[in-house]
Amino acid sequence: MAPSRYVGILALVAGCLLPSGVHALWPIPHTLETGTTALTVSPFFYFDVQVEGAPLDLYEAVSQAQYYLANDKLGRLVVGRGANDTTALVGANTLSTLTLSLMSGATVEPIASEAVKPLGTRSEEYTLTIPADGSAATLVANSTLGLYRGLTTFNQLFYYYGGVTYTLLAPIAITDTPAYPFRGFALDTARNYYPVTDILRTLDAMSWVKINTFHWHITDSQSFPLEVAQYPELAINGAYSPQEVYTPSDVQYIIQYAGARGIDVLLEVDTPGHTSIIAATYPDYVACFDETPWATYANEPPAGQLRFALPEVVNFTASLLASIASTVPSSYFSTGGDELNTPCYTNDYPTQLQLNSTNTTLNDALNTFTLATHGALIAEGKTPVVWEEMVLDWNITLSNETIVMVWISSEDALAVAERGLRLVQAPSNYFYLDCGAGAWLGDDPTGNSWCDPFKTWSESYTFDPLANLTEAQYELVLGGEQLLWSEQSGPENLDPIVWPRAASSAEIFWSAQQPTGAPLNVTEALPRLQDLRFRMVQRGLKPISLQPYWCAIRPDACDLTA
Amino acid sequence: MAFSRYLIILALVTGCILPSGVQALWPIPTTLETGMTTLKISPTFYFDVQIEGAPSDLHDAVTQSQYYLENDKLGRLVVGRGANDTTALANARTLSKLTLSLASGAAVEPISSEAIKPLGTRSEEYALIIPADGSAATLIANSTLGLYRGLTTFNQLFYYYRGVTYTLLAPISIKDTPAYPFRGLGLDTSRNYYPVSDILRTLDCDELGEAIQINTFHWHITDSQSFPLEVAQYPELAINGAYSPQEVYTASDVQYIVEYAAARGIDVMMEIDTPGHTAIIAATYPEYPVADFANEPPAGQLRFALPEVMNFTASLLTSVAKVLPSHYFSTGGDELNTNCYANDYLTEQQLNRTGMTLNGALDAFTQTTHGALIAQGKTPVVWEEMVLDWNITLSNETIVMIWISSADAAAVAGRGFRIIQAPSNYFYLDCGAGEWLGDDPTGNSWCDPFKTWSEAYTFDPLANLTEAQYELVLGGEQILWSEQSGPQNVDSIVWPRAASSAEIFWSGKQPTGAALNVTEALPRLHDVRYRMVQRGINAIPLQPQWCALRPDACDIYA
Chain D
49 MAPSRYVGIL ALVAGCLLPS GVHALWPIPH TLETGTTALT VSPFFYFDVQ
99 VEGAPLDLYE AVSQAQYYLA NDKLGRLVVG RGANDTTALV GANTLSTLTL
149 SLMSGATVEP IASEAVKPLG TRSEEYTLTI PADGSAATLV ANSTLGLYRG
199 LTTFNQLFYY YGGVTYTLLA PIAITDTPAY PFRGFALDTA RNYYPVTDIL
249 RTLDAMSWVK INTFHWHITD SQSFPLEVAQ YPELAINGAY SPQEVYTPSD
299 VQYIIQYAGA RGIDVLLEVD TPGHTSIIAA TYPDYVACFD ETPWATYANE
349 PPAGQLRFAL PEVVNFTASL LASIASTVPS SYFSTGGDEL NTPCYTNDYP
399 TQLQLNSTNT TLNDALNTFT LATHGALIAE GKTPVVWEEM VLDWNITLSN
449 ETIVMVWISS EDALAVAERG LRLVQAPSNY FYLDCGAGAW LGDDPTGNSW
499 CDPFKTWSES YTFDPLANLT EAQYELVLGG EQLLWSEQSG PENLDPIVWP
549 RAASSAEIFW SAQQPTGAPL NVTEALPRLQ DLRFRMVQRG LKPISLQPYW
599 CAIRPDACDL TA
Chain E
1321 MAFSRYLIIL ALVTGCILPS GVQALWPIPT TLETGMTTLK ISPTFYFDVQ
1371 IEGAPSDLHD AVTQSQYYLE NDKLGRLVVG RGANDTTALA NARTLSKLTL
1421 SLASGAAVEP ISSEAIKPLG TRSEEYALII PADGSAATLI ANSTLGLYRG
1471 LTTFNQLFYY YRGVTYTLLA PISIKDTPAY PFRGLGLDTS RNYYPVSDIL
1521 RTLDCDELGE AIQINTFHWH ITDSQSFPLE VAQYPELAIN GAYSPQEVYT
1571 ASDVQYIVEY AAARGIDVMM EIDTPGHTAI IAATYPEYPV ADFANEPPAG
1621 QLRFALPEVM NFTASLLTSV AKVLPSHYFS TGGDELNTNC YANDYLTEQQ
1671 LNRTGMTLNG ALDAFTQTTH GALIAQGKTP VVWEEMVLDW NITLSNETIV
1721 MIWISSADAA AVAGRGFRII QAPSNYFYLD CGAGEWLGDD PTGNSWCDPF
1771 KTWSEAYTFD PLANLTEAQY ELVLGGEQIL WSEQSGPQNV DSIVWPRAAS
1821 SAEIFWSGKQ PTGAALNVTE ALPRLHDVRY RMVQRGINAI PLQPQWCALR
1871 PDACDIYA
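These protein sequences, in sequence, are chains D and E. Following this note's numbering, the numbering of the first sequence begins with 49 at its first residue and continues without gaps. Following this note's numbering, the numbering of the second sequence begins with 1321 at its first residue and continues without gaps.
Keep in mind that the hints were calculated from the coordinates and are not lab data. Treat the hints with caution; some may be incorrect.
Residues from chain E shown here face chain D by an in silico Cβ test under 8 Å; the list is partial [claimed, not checked]:
| id | residue |
| --- | --- |
| 1 | 1401 |
| 2 | 1697 |
| 3 | 1756 |
| 4 | 1867 |
Backbone N, C-alpha and C define an ideal beta-carbon position, used for all residues, glycine too.
Please build the complete structure, drawing on both the sequences and the hints.
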């Protein structure tokens, strides 16, 4: 009996010595063929950009790829971290070049221009081929954005040991294209402020997993950090401090930085709820400002919502949104619309006076308000984006182009789809990164997170974007995103609370299935996600550990039933 | 109606302009008297150490205190962050020095010597007086350790606005002494490795000693997953058991950490968990552990019934313990899995040959390992199962850590042992992060939910105990197990939550005598958290900043 156990241990050790078949790619490509030949990256390796009139941001992307290739220095996640690969590397062929080119007829535009094209018109697909014999690797795409996606993949293919950067899996042939056009990450910078540098670092990490939308919930009831040229008082009175603001040049810089990384910035100025702090500048525009008990008037303190029934508030809001939207290149702009509290208006004298004098209902007033604000955005060439309540809780007229974000529950997607509107999947029961941190309200020691428990990467990963929908409704699903609401977050915990978890939706909406056609599977995914997480650490990000390191270098050894 | 609302707004704004009565102190002192006079720190402020033969670590502590005084630059947590204090500051008196002295007859020893004295014999009390008229402030204690605690408090008293460091609450008179002798933080450095610099940061500006008066670093240094501790007599354990040659704690690392901690009033209590949680020892001594069942992978526990394993373990613990100055050493003893041995040929053979039960073998093992530690002058510390699940003989001096549930303290106290409160249902910092095992997407944290600072803060150290048993409670600690943690999130998962137990066990109650209360505590904890951020610690925000600047506005029933 004892001897048989020793045999088992030996088998385990032997398994660890063999090169693992784990691919480090995340998100996993559409098609993927690999061999078993070792190939080292030449010390003289270079990216050969065969693109006439290549834009500056493509060259910057190549420089970045070169930097990662030289500096990732990620050891393979096996016992020994690649020490057992040295014999395979001795006589290995050497890769000297990756040639980048566009398909014939493709137009040459900056990545940043491609990244902000309307959803469905962006070209993110690419083909990457790495021969086993050391001849030049090739990356071909229909756009610079596609080349950018391919570079991201290329960087994930290589490991490092003892001064050598290599793959064990040549030849490699990848053809890749996203399953969904919208793959986002959302950040609330109003509950707590994030310095610009933290946002830039987050954009970098997003680009590593091919996330293409930064949904920036930039204002809320607690603070208004956005400096708006036409309404400077909003930030002067509404930012937490003169330092905790996003200036117009900050916003432009972030947009440009994002664009060069294939990321569109979807700004959200949430209205008419989530606007209490506007009262610091326009007290007449806000109902139930700081009323108590706050719980009667808002989902969280401070209470206060725009008096959307008043014509001057309608005009102000439309003008505010238009003046912000006119300065951003994205085709999309979110007006929010979640958690609108009706008791706030019940005893609000100006609102009731207006409703009575015009003989309108609150719902009609909201309809008028939304038509005006959305009309102003549409006039700026923007497609409005709203939270699900605008469709499910209110009877208002929305343009057919309107995009609806599902957040309360994954169950709600069907009802939105039945209204024929396009949707983005952001369900709190799978994708809210802030869940599970306990109650943050004071005087509530036994309180729990409203969306408890914590959403692990694997729970998120099991989300089915098409659940409950009819086949005819599938095309309404533009994609999805994970979100960080910042009641209990700030720059101090941004990296660990977001990463690597936010990579789950990135793969769901890029890959949708395994290259074999099998559904995505947490057991198959975990070793790849570990790879991504350790690569992120190498690049200076601070993602959490998913497991003890002992498990990370022994795929499947820590599965529940292993 | 609209008009009356505006009045309310005005009243609210006015309230923000008035100096808030919030004290920034954490843990709150035993007695505390404050006034309403503004007092500024002089640009030429200095610490006047009136102690003959003051040890160098006291001078270091003073230097650190001076640094914090100048660099914390913490704005008051009110709307405007102190902008409304400028008129009060215009004619304020100036504080030029703090005089440090020891009570007459007090022996002058290094802080680091005082910090490692046996529990109950350390002198941490101090008296701090800051007159309102600008005359010298005084800090008096019975030991350098007490002075150190007082300096920590002194640093928490001051805010900053536009070049001026000040308090609005002079005169201030504080007498302070800890309610419990043991106030700890537990860290597992085996599931994932933490570089020495992360441990120093955790010990340092630390929030442990220098901000919140924690006095014990409970270092769970090895486990089944890795053995990062280099032991001179058993070098192969780390060579084969550390995650990599870089992910180790060398003998000099350990000594440096121990000294660094002690200079900050912190005793390092090391734990080498045995006989469970030892699978990785098999990488060096494959015949010593048996690998079948465990609470988490990898399985593997010492074959404690074998005489050679007993001797090895006693020798290993001794060689680790003898180089450490602490009086305490933990041999662990949690989660011992009996299935593991049921089919283990070597164990069964030994038990059959000697006619011993598994329990009898564990008793022999423990007597041997504990005997070896006691011979080194150490008091053994064990997890609760050693008392509650097994019938073994433990020295009366043994300290027992409660972890499975706060409900278990009474049973341990019933056995007459001293206890440290580390209940998972209040104090485990890792709870609530979901399942970490693979292939279990709907799985949850075993000790879900996340323990917020306020949930932890409601822990009652004396619950269910008889008055006669109260003295058995030495204190308590919050703990980070590292299945899902590492240097990337150590700050944010530990701070400021670990301050909750620090106050429970230092303060015990409010200065008024009232029980600790989460509503009273939150504004002070915000203060600590923002001060930590100023000192470079990545502590999580507890609430939106809007709430942090408006005490009580975000209470659930506000």
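Now the hints, each set against the structure:
1. 1401: Since chain D brings a Cβ to about 7 Å from residue 1401 of chain E, closer than 8 Å, the hint holds.
2. 1697: 34 Å, violated
3. 1756: 5 Å, holds
4. 1867: 7 Å, holds
In summary, the one numbered hint that this structure violates is 2.
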